[in-house]
Amino acid sequence: MVLDAETSLVRFENVGLRYGLGSEVLRDLTFRIEPHSFQFLTGPSGAGKTSLLRLLLLSLKPTRGLISLFDQDVATLSKDALAALRRRIGIVFQDFRLLDHLTTYENVALPLRVQGQRESSYRQQVTELLQWVGLGERIWALPPVLSGGEKQRAAIARAVIARPHLLLADEPTGNVDPNLAQRLLRLFVELHKSGTSVVIATHDIALMDQYDARRLVLHEGRMHIYE
Amino acid sequence: MTEFQHRDMPAPDQPARAETPIVPKTSIAGTALVAVVAIMTFLAALTTGAVVLVMKSASEWQSEVAREMTIQVRPVPNRNVDSEVAKAVAVARATNGVAEVRPYTQQESARLLEPWLGSGLTLDDLPVPRLIVVRVQDGQQPDLPALRDELTRQVAGATLDDHRSWVERMQTMAKSAVTVGLTMLGLMLIAMILSVTFATRGAMATNRTTVEVLHFIGARDRYIARQFQRHFLLLGLKGGLIGGGIAIALFVLAQFTVERFMGSAGGEEIAALFGSFSLGNLGYGLIALQIVIAAGVTAATSRAVVNRTLATVS
Ligand SMILES: Nc1ncnc2c1ncn2[C@@H]1O[C@H](COP(=O)(O)OP(=O)(O)O)[C@@H](O)[C@H]1O
Ligand SMILES: [Mg+2]
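Sequence lines, in order, name chains A and B.
Here our numbering runs 42 ahead of the position in the first sequence, where the first position is 1.
Here our numbering runs 85 ahead of the position in the second sequence, where the first position is 1.
In short, the hints are calculated from the structure, not lab data.
Hints should not be assumed to be uniformly reliable.
Chain B regions said to be covered by chain A (calculated; three or more residues, Cβ under 8 Å) [as the list claims (entries may be wrong)]:
no., stretch
1, 271-285
2, 304-316
Sample of chain A residues at the chain B side, in silico, Cβ under 10 Å [stated by the list, open to error]:
no., residue
3, L63
4, G64
5, Q114
6, T118
7, K121
8, D122
9, L127
10, L141
11, H143
12, V156
13, G158
14, E161
15, V175
Positions of the beta carbon are idealized from the N, C-alpha and C atoms, including for glycine.
Please work from the sequences and hints to get the whole structure.
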């Protein structure tokens, strides 16, 4: 599918979210994420960054308001359509969620395998990506023996292997030293330049100061946007 | 790279490599499930086999017994038993559908009574009833009420026993054997479905993270369900083959043993009870069918549980 330049990847209108009977964690969110864009999603811990990413990933339903992804109202999606949408979104979880019984290679290749592609058809692509993120030596290692930084890079590689239109990353530099954080940021910028829209949730001010980009700031449930 | 735990796999530029299953085999309580399915299939096969044997023997007995009737002539004071027996034989011979009429002679009657009364008895001294065996022509049903009337009219002390109460009792017995068997099969099926349900739930709980990740990277429910199902179909087939296989082996062995000892007294008694102990094509076919059913039920149950669980998460 070729995305029209006028079409937003993500559109939120007056979205509110609450967990159970609590007060609203997110209120009246109205914003868009454009194709080929790069933004930080920030705010103090507990501000609702992870919750917002889960809304974007459709793993949470908003309590009110309208969310549309790739021009589709997500409230009316069938489960298969949901799966199809998620194939166009790459996600890096804060806790990685690598599968411990699969090798680094198999973890990274999983999105392609799930799409029914043959191993021989993606072998080169996966190996090259692993080399690019500096895991060339760790291809056959199982996640439990990887360091935090290695897991982080494996999780990022899995998120981008299927060339998503939208990449979501939750605190991707939370577990790594500043030096690696900088390298990972460069990796995201590279992806952005190759056409992916990137949303990085972080409360790391130092990281954001290294790259001048749009900032979506969550504060007391509301969003303030700094272009 | 030796200090790291890693898979012993060829480099990525080498051809076709076996993929690690997404749902690991070790995450399923497989051995326990195979054992449960094997035990259930074994018991089901035994039950089926027993029911088939009972039904076969019952129908053999029935046709034997139903082809015979007995006329009993009790001595009546002032009447000659021998002439009464001769009259009864004449009446029976004159009846349509009767193939053969054979009165037991006095000596034969004495021999029948020997076990109870001892040998060397003179039956003339005792009022011993005399028996006449009437064989019915194959496929014929003589008019019994008419025969009974005729006997009462012409022969003093004659009664007719058509063995019907025997046949009916045997039919009732065979029917209850089938009912009990079917009930047991139903219970085993339920127990198996429950076991598979718990095993599948357990497997899904163990693989919860995997299922979540698969959802997030865009796997369809069908794909996820397949990852579980291939294990369960295999486990069910394995359990069914083990259980059904052992049962078949037992029946073959029993048949063989009975045939072997057919000459001996014990063997003949067993044969009288259970026929030749041979299940026949029907029996073995049913057991083979149960193996297939065990595998199918295991796969279908786990599929239903997986689908239901997947439908409740998004
Ligand atoms: N599953 C949940 N159930 C109930 N409350 C939750 C849940 N997840 C997050 N919250 C609450 O929502 C708020 C926002 O959390 P979160 O989105 O994790 O923030 P952040 O990622 O910015 O730290 C917090 O107050 C948190 O306690
Ligand atoms: Mg968070």
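Taking the hints in turn, this is what the structure says about them:
Residue count for the stretch 271-285 of chain B with a Cβ under 8 Å from a Cβ of chain A: 0. That is fewer than the three needed, and the coverage hint is violated. Coverage of the stretch 304-316 of chain B by chain A holds [criterion: at least 3 residues with CB-CB distance below 8 Å; count 4]. At its closest, the beta carbon of A:L63 sits 21 Å from a beta carbon of chain B; the interface hint therefore is violated under the 10 Å criterion. With 10 Å as the threshold, the beta carbon of A:G64 stays out of range of chain B, its nearest partner Cβ sitting at about 21 Å, so the hint is violated.
The interface hint given for A:Q114 is violated, since its Cβ lies 15 Å from the closest Cβ of chain B, which is over the 10 Å cut-off. Interface hint status for A:T118: violated, as the beta-carbon distance to the closest one in chain B is roughly 14 Å, over 10 Å. Checking A:K121 against chain B: minimum C-beta separation of about 6 Å stays under 10 Å; hint holds. Restraint check, A:D122 versus chain B: the minimum CB separation of about 6 Å is within 10 Å; hint holds.
The closest approach between the C-beta of A:L127 and any C-beta of chain B is roughly 8 Å, which is under the 10 Å cut-off, so the hint is satisfied. With a cut of 10 Å, the hint placing A:L141 at the interface with chain B holds, because the nearest CB-to-CB distance is about 6 Å. Proximity of A:H143 to chain B holds as hinted, the smallest CB-CB distance being about 5 Å (cut-off 10 Å). Interface hint status for A:V156: upheld, as the beta-carbon distance to the closest one in chain B is roughly 4 Å, under 10 Å.
A hinted interface residue such as A:G158 counts as satisfied when its beta carbon comes closer than 10 Å to some beta carbon of chain B; here the least separation is about 8 Å, so the hint holds. A distance limit of 10 Å between C-beta atoms decides the matter here; for A:E161 the minimum to chain B is near 6 Å, and the interface restraint holds. For A:V175, the interface hint is violated, since its Cβ never comes within 10 Å of a Cβ in chain B; the closest pair sits about 15 Å apart.
This entry does not satisfy hints 1, 3, 4, 5, 6, 15, going by the numbered hints stated previously.
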